[in-house]
Structure formats: structure tokens, C-alpha cells
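Using the sequences and the hints given, assemble the complete structure.
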Amino acid sequence: MRMSGFFIYLAKRLGQFVFVVFTGVTLAFLIAHFSPVDPIEQTVSLLTSFGNTDPRAVEMLRQSLRELYGTDGTLFEQYLAFWSRVVRGDFGPSLSAFPTPVMTVIGRSLPWTVGLLTLATLLAWILGNLLGALAGYFRNSRLLKLVGVFVMSMQPIPTYITGLTLIIVFGYVWPVLPISGGAQLNLEPSFSWAYVSSVIVHGTLPALTLVLVGLGGWFISMRSLVSNIVTDDHVVYAELAGVRSRTIFSQYVARNAMLPQVTGLALTLGHVFGGAVIVEFVFNYPGMGRLLIVGIYAGDYSLVLGVTTIAIIAVATAVFVIDILYPLVDPRVKLG
Amino acid sequence: MKLLRTIAMAAVASLLALPAFAQDFIAGIPRNEALIIQGTPAQNADWFNVWAPGGGGAANVNGLQQLSTDTFWFINPEGGPDAWQNALASEPPIYNEDFTQMTVKLREGIFWSDGVEFTADDVVYTVQTLIDHPGMNWSAAFTVNVASMESPDRNTVVFNLKAPNSRFHTLFTVRWNAAWIMPKHVFEKVEDPLAFNNNPPVSLGAYALHSYDKGGNWTIWKLRDDWQRTSIGMDWGQPQVKYVVYRTAGNPEARVIEQRNHNLDVINDIAPEGMFSIMKDNPTAAAWLPNFPFAHPDPTLPSVLFNTKKPPFDNKDVRWALALLIDIRAVALGSYRGAANLSALATPPTGSAPDDYFVPMQDWLANFELDTGTRKVKPYNPNVSAELANMVRGQWGDQIPTDPEQLKRLFGFGWWKQDVQAATELLQKAGFTKQGNRWMKPDGSPFTIRVQVEGDAIPTLARAGTAIAQQWSQAGIDAKVDVAGPTNGQRLSTGDFETAIYWTIETWGGHPDLSFFLDSYHSEFIKPVGETQPPRNLQRWEDPRLDEIIERNRLIAFDSPEVVELGKDFLKLAVEEMPMIPLMAYNKFAPFDTTYWTNYPSAENPYSASGPNWSNIRYMVVSLKPSGTAAQ
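Line by line, the protein sequences give chains Z and L. Using our numbering, you'd call the opening residue of the first sequence number 11 and step up by one each time. Using our numbering, you'd call the opening residue of the second sequence number 5 and step up by one each time.
For the record, the hints were derived by calculation from the structure and aren't laboratory data. Just so you know, nobody snuck in bad clues.
Stretches of chain Z that chain L covers, calculated by requiring three or more beta carbons in the stretch to come under 8 angstroms of a beta carbon on chain L:
1. 40–50
2. 112–123
3. 186–196
4. 294–303
Glycine included, C-beta positions come from ideal geometry on N, C-alpha and C.
Structure below.
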């Protein structure tokens with residue numbers, strides 16, 4: 011591989027990365043600001059609902075909040091101010107958790123989401139690919155056919171239903187697992203076994219939901235890939251030459267089928283920063299998805315922009331990393 | 005294949021090992037010392053400054069305003085002879101003759117949780133600080149009202165008002181919340197009280213902050229060792245609950261399961277189906293009513309709101325016609341599965357209102373006549389509660405009483421008869437015509453109505469809107485439901501709706517004075533459609549007779565007998581003009597678990613409100629008694 015060619019390739023991909031991030035974040039800014047939900051009105055509503063409210067006082071409160079939240083100024087002025095803050099990693103104060111900075115609010119949720127989704131994505135990927143590869147190779151196995159039926163029947167079930175079913179089974183019928191929250195109540199976060207085990211136990215059902223839902227896609231695609239490869243000349247030749255079936259499976263078939271799956275994994279991992287909205291809602295899990303929903307409902311565009319910008323950068327970064335690693339692992343990709 | 009078997013065996017082994025991972029529900033706190041209440045997810049869990057808008061409201065309702073703050077007075081929304089409670093004040097407010105001055109006598113011997121004594125200085129400092137910092141909660145209300153303050157001694161505060169205001173004390177009177185008193189000794193050291201998170205908060209209530217989750221999932225409050233030195237401790241004796249845990253509990257299904265697993269003593273609100281499930285299958289469950297309909301009626305009145313600035317809803321004949329096309333029994337069944345407390349009057353049928361208004365006005369309602377243009381009809385049906393009871397008796401059997409008077413207290417005193425013929429005559433009187441089965445407006449275009457609902461956030465009202473739209477459609481009106489989601493509030497306040505299922509009437513519940521919502525109905529506050537209307541009067545209903553009632557009410561004392569008479573005048577006017585069609589009380593399904601605690605408030609013993617977000621719940625917390633169940 012010529013190094014100059016690689017650097018030209020790298021520069022092009024970097025340009026593409028910057029363009030994707032810029033366009034994505036700009037679109038997110040516009041969509042968030044065109045939302046019909048006004049954060050000032052949401053706050054006024056929270057502060058005045060249920061209470062004894064003097065209309066003159068409400069008008070005064072509305073004006074004070076507008077000045078306090080800094081929502082004055084044209085859209086373009088706000089856009090310029092937004093970019094000047096973003097490059098410093100500052101999304102300003104959250105309007106629904108005023109005056110706490112958006113990054114502080116996100117910082118509390120991000121570890122939960124990244125931990126849960128990374129683990130669940132990897133588990134689903136490993137199990138799905140392993141079972142898919144076995145099912146594609148040992149096409150006549152009854153057990154694997156049964157596994158295939160189970161996995162494919164899980165695939166179309168909505169995440170909400172899967173999560174709810176697990177809640178009923180493990181929270182009510184056989185109540186052995188917690189169905190809500192990220193850890194035990196009144197436990198200080200630390201690296202103690204008590205806390206870590208509590209996080210694992212609380213994350214079991216959300217993770218299981220994500221694995222059950224995510225398994226099918228990996229299983230089906232891997233089984234299709236393997237089913238094609240097993241009829242390739244080099245595999246038939248190896249079988250005729252008496253190579254051990256385990257070696258054919260692991261070295262000739264599964265390995266070749268893995269390449270697109272690795273790409274898929276990297277892209278999926280890029281998505282973990284956006285949160286798993288439905289699972290987090292069902293299990294009351296303190297992650298980014300729940301944060302995003304709260305932000306949207308409160309018209310907190312600072313928070314929505316913070317969460318979406320991080321998600322956009324994460325996905326673009328994942329694509330970028332795949333792009334620059336691909337030529338190194340697959341010589342068929344041309345440079346320059 | 006060996007690998008596959010290994011995976012399968014590992015999965016089975018993991019399942020069997022699950023019980024070994026079971027943990028105590030709360031680490032380090034015996035379950036039988038803790039009351040667990042459904043809380044709200046808090047984005048800003050570090051924030052305990054109840055006087056600044058931070059926290060988005062959630063921080064305030066996770067125990068802060070229920071357990072640690074205090075102010076002069078509370079009103080129990082359930083009514084009764086003891087509805088008025090002196091808290092930090094030792095007696096009710098003292099006004100001068102023209103209501104330009106209010107004097108408050110403070111209780112002695114109250115201390116903040118850090119040992120500093122509460123005095124009049126705290127009160128004066130609170131009001132002045134709020135006035136000095138626009139944007140703080142209650143700042144605007146004090147700026148509008150307060151000219152100056154004096155504290156002639158450490159237990160007396162005198163407020164001099166900018167203009168006569170016989171309801172100034174209501175700023176310090178808790179229904180859901182009120183202006184809470186700040187700890188001067190804490191806030192005077194702070195440079196910017198708007199940016200101060202007040203963490204940990206110094207408490208004036210019987211409980212102080214014990215611990216909280218930075219992720220906003222739970223907050224735990226602990227009984228103060230010196231609980232006797234608080235207003236609630238002085239009046240209500242020693243609390244038995246040592247810890248109060250506010251925790252988020254997930255989706256409605258999870259909440260039902262959590263209560264049945266005894267991990268959630270108080271649920272805030274669930275759909276009727278969840279309530280029925282708990283009450284049928286959970287032997288340790290309790291509710292406001294022991295039998296169907298179980299619900300607690302909040303002093304809030306869901307109604308069909310009309311945008312009276314948009315034709316044809318500016319015409320009272322049209323509004324009345326739409327009311328008479330409704331079969332309220334079907335709406336009650338469709339929205340609340342029959343568990344509804346109906347109201348024909350524009351005030352919720354809860355607290356003291358049945359005795360103040362509903363019982364005395366039955367004759368007037370029964371004799372009320374409506375001119376349809378061709379004849380006069382008496383639209384009131386006083387027997388609707390019995391009809392509704394008969395419809396649900398098949399499902400609930402003996403749980404439904406037969407005494408008509410009791411039925412009225414459970415299902416409502418009456419409502420309007422569905423009268424399609426009278427509605428037809430009213431629409432014709434308004435110039436409408438019928439082509440086939442379709443109603444056409446006076447200008448010849450089809451009569452279409454958008455019925456705005458919020459959606460899943462308040463499912464019972466969304467169902468009510470759907471039922472009403474169906475009934476109007478059956479009568480020949482092109483009615484469609486419009487789900488507004490999070491834009492609901494803004495669309496209502498800017499007048500971007502035709503009709504909506506929501507509430508613009510909330511009352512004290514425990515007091516007949518209607519100024520709580522009525523004062524803001526004055527025409528001086530009405531904004532043109534497109535501009536933001538202040539809360540309440542989202543109908544933009546304007547009537548000189550209404551202004552006259554409000555102006556008269558402003559000039560009489562809160563406890564004057566004339567308050568009830570003016571209230572009746574308003575209710576009669578609202579019936580005649582029908583600016584909104586009152587439907588029913590907001591029935592809240594808030595089940596309790598009695599495994600660890602008993603003596604929850606109920607219709608039989610209504611010593612407190614039952615909603616966990618209401619500050620009045622502090623009276624419930626200190627009144628609970630241990631059931632004797634050992635900790636798990």
C-alpha cells in the first residue's frame with residue numbers, strides 16, 4: 011500500500027466526516043428550533059399549574075424567564091452562538107434543568123446508556139453471528155432450525171412488548187429481578203461489589219430485551235452469508251480434500267462471512283450514544299434515551315441538541331474509523 | 005454442536021441462579037421504617053432551590069415541597085371543619101378595613117433543621133429577595149402586590165399592599181404549593197440566589213434530606229431528631245414514618261407490579277384498568293373509596309373548552325347544542341370505565357363544593373329552562389348518577405350502593421339530558437341547516453370541529469374527547485380528534501384550537517371561594533387569539549356580568565358568607581352561557597399498599613389530600629401508622 015495514497019484517502023474521508031457532522035448538527039439545530047414546543051411556556055406552565063396565579067404576575071414571569079434563558083435574538087444569531095459554544099464542548103444551560111449545563115446533565119446519563127448498549131450490542135452480535143454461522147453451516151440440524159424459528163419469531167415483536175413481557179415474567183410471575191432503575195436505592199455509586207453487582211442485576215432485563223430484539227438481525231444476515239459461502243469453490247474443494255469440518259467452519263467460512271458483520275457492528279456501536287429510547291422508557295433506565303424524551307417534551311432544545319450532536323459525532327466517527335481501517339483489512343478496497 | 009449445548013446449559017443455569025442475586029429494595033434502610041412514594045424523574049437532581057425555576061419542577065415534587073418547606077397556612081382540599089390549617093402563622097391573616105394591609109402573627113419555637121430559629125426576618129427577607137430577583141418563583145406576584153413590609157417584633161410581619169387585595173394571603177396558602185419561606189441565614193451568604201442549588205436544603209418541615217440519586221431516580225428524606233420544633237410536629241405529634249422515599253417507578257404496568265411486590269406504597273396516578281386490577285387482586289391494597297369507583301376526585305374540572313373567539317363557538321346556542329348532543333353516560337364509560345364523578349356546574353364536585361353549591365343548587369338546575377328558539381326545555385337530568393350506577397352494577401355488583409344520595413356523592417349530582425331534538429332546534433336558531441345527515445354552517449360550509457386532546461399523558465381525557473367527537477359525528481357534525489401532545493398547553497394559551505378537553509377551573513376544594521381561578525377570568529386579562537393568554541380562562545370568555553361578579557368578590561373577605569352567593573351567581577351564569585361544558589372531576593387513581601403502613605386518608609377519614617405531588621401530603625406522612633409487618 012502506497013502511503014501517499016493512504017493519506018489522500020484519509021484526507022477525503024476526513025473531509026466527508028466534517029461535512030456529515032456539520033450538516034447533521036445544522037439540521038438538528040434547525041429541527042430543534044422549529045419545534046412548536048416553547049421552553050419558556052413549558053416552564054411557565056410548570057410554575058403556574060395547580061397554583062393560585064395572578065395573570066399580571068404570569069406575564070412578568072414570562073418576560074423574566076425569556077431574559078434569563080437567553081432565548082432572545084434571531085435564529086441566525088443563535089446559530090452562530092451555538093457553534094461557538096459547540097467547538098468549546100459547551101451546549102449552554104439546559105432549559106429544563108436551568109441553570110445546570112447540558113454537558114453535566116448528559117454526563118450523568120451517558121455512562122448508563124453506553125454501558126448498557128455496548129454490552130447488549132456485543133452480546134447480541136456475538137450470539138447472533140455464532141448461531142447464524144452454525145445454522146448456515148449445519149443446515150440440516152433440527153436443533154439449529156428450532157433456534158432459527160425462535161430467533162426469527164422474536165424479530166418482529168416490538169421492543170416494548172418484549173420488555174413488558176420480561177417485566178411480567180421476571181418482575182411478577184417469578185419476581186427475581188428488578189424491573190425499574192439503574193441500581194439499588196440508597197446506594198452511593200462506587201466500584202464496590204455491592205454497587206457493581208446492583209448495576210448488573212438492574213441492567214439484566216433491559217440488556218436481555220436488547221439482546222433478544224437485536225439477535226435476529228445478526229442471525230439472519232450471518233446465516234445468509236454462510237449459506238452462500240459454503241457453496242463457494244474453495245469450501246467445496248476443502249471438503250473434498252478432507253479438511254476437518256471445524257477448520258472449514260472457522261477458517262474458510264465464518265471468517266470470510268465476518269467482514270460485513272464487523273462493519274455492521276461498528277455502525278451499531280456508533281449508535282449507542284443516542285440511547286435506547288423505548289427500552290429506557292420501559293425499564294425506567296437513567297440513560298440518554300430517557301433524557302432525549304424529557305428534553306423534547308420540555309422544549310429544551312439545548313438538551314436535545316446536546317444529545318443529538320453527540321449521537322451524530324459518534325456515528326460519523328464510527329463510519330470514519332471503519333473507512334480508514336477497511337483498506338488495511340480488505341485489500342480489495344482501492345485507495346486514492 | 006457441543007458449543008450450542010454449552011450455551012443452552014449456561015442460559016438455563018443463569019436463570020436458576022437468579023434468585024441468589026435478589027437484593028434488599030433499599031440499601032441500609034429497613035423496609036418497615038420507610039414509606040415509598042411514586043416520584044418524578046428529576047433531570048436536575050442536585051437542585052433543591054424551590055424558589056428558582058431550576059429542576060424543571062421535578063426536584064420540587066420529590067419531597068422538597070412536601071416534606072422540607074413550610075409557609076403560613078394550608079387548606080385541606082378535602083374540606084371539613086378543620087380544612088384551614090395554621091402552619092408557620094399562629095392565626096389566620098389579619099387585614100385592615102380596605103384590604104391594603106395584611107398582618108401575620110408567627111408561631112414561636114420553630115427551628116430550621118440546622119438549629120437556627122425561624123423568625124419574621126426570614127419572611128421579610130424571602131419576599132424582598134424574590135422581589136429583587138425577577139425570574140424567581142413568586143417574584144412577579146410579590147412585585148405586583150407588595151409596597152413595603154415591617155416586622156415590629158420577631159413574630160409579626162406587616163405587609164403594606166400597593167392596592168386593595170382581600171386575597172393576598174392566598175400567596176402563602178397551600179393547596180398544591182404556595183410561596184415558601186427562605187432560610188435567611190443561608191441565602192444571605194449567596195451571591196446569586198437564582199444560580200444557587202441550595203444543596204443540601206435546610207428544612208423547615210419535619211423531614212430533612214438524607215440522600216439522593218444524582219441520576220434523579222430517587223430522593224430519601226429522614227425524620228428530624230427535633231421534629232417537635234416544626235409546625236407540623238407541634239400540631240400532629242410524633243411521626244411514625246422514619247424515612248420517606250420518593251422513587252420513579254417506570255411505566256404504568258411496572259407501577260402496578262411494583263405495588264403488588266410491596267416496593268411502592270403510594271402510586272400517584274394510573275389508568276382505571278390498573279386501579280381495578282390492584283383493587284381486585286391485591287389483598288393489601290387500599291384506596292380513597294373502598295369500593296368502585298375507588299378514585300380520589302381532585303378539585304380540578306375537565307371540560308369541553310370552547311374557543312369563544314372563533315365562530316361559531318362564539319354563539320351560546322351552538323355551545324348549548326353541542327352539550328345536548330353528548331350522552332355523558334357513554335363518555336363516563338369510555339373515559340373512566342364508569343368511575344367518574346360528573347358535574348353540570350362549573351366547579352369540581354369535590355371537597356366542600358357538594359354542600360356549598362351542588363346540594364343548594366339542585367332546585368335551580370331542575371327548573372333551569374333553555375330557549376331553543378321554538379320552545380323552552382328543561383335540560384337537567386338529576387338521575388344520571390343512578391343511571392350510570394346501573395350501567396356498572398353488572399360488573400361491580402354489590403360494591404355499587406343503591407342509596408340515591410350516596411350515588412350522587414360517588415357519580416355526581418346530575419348532568420344534561422342527551423336531547424338531539426333540542427340541539428337541532430338550537431342549531432337551526434343559530435342559522436345552521438341540515439343537508440342529508442350533515443350539518444352546514446350559516447355560510448353554507450360543512451360544520452367541522454377539531455376536538456383537541458393532549459394524548460397519552462392524560463389517557464382518560466383523550467378517551468373522553470374521542471367519545472364526544474364520535475357522538476357529534478353521529479349527529480352529523482364532521483368532528484375529528486386532534487392529538488396535540490406536548491404542544492397542548494401552548495396551543496390552548498395562544499387560542500390555536502376550536503374545542504379541547506382540558507380544565508380551566510381548579511378550586512381550593514376545601515373552601516367555597518372561587519377566586520382561585522375566577523379572578524383571572526376578568527376581561528382585563530383577555531388577549532387576542534395568537535397572543536398568549538394567562539393560565540385559566542383559555543376559552544377567552546368575556547361577559548360584563550362575569551366582570552361584575554369578579555369585582556364584587558375582590559372587595560369582600562375570604563371567609564365572608566357573600567363568597568358562596570357570588571359563587572352561585574357565577575355558576576348560574578356559566579350554565580346560561582356554557583363557555584365550557586363541564587364534564588367531571590379529575591378522578592385520580594392513587595392506590596396505597598397497607599403492607600407496611602396503614603391509616604391512609606380516605607373518603608371516610610379525609611384528613612389530607614392523597615396526591616403525592618401535593619404539599620398537603622405532609623399531613624398523610626405524619627399520620628401513618630406501622631402495620632407491624634417485619635422488614636424483609
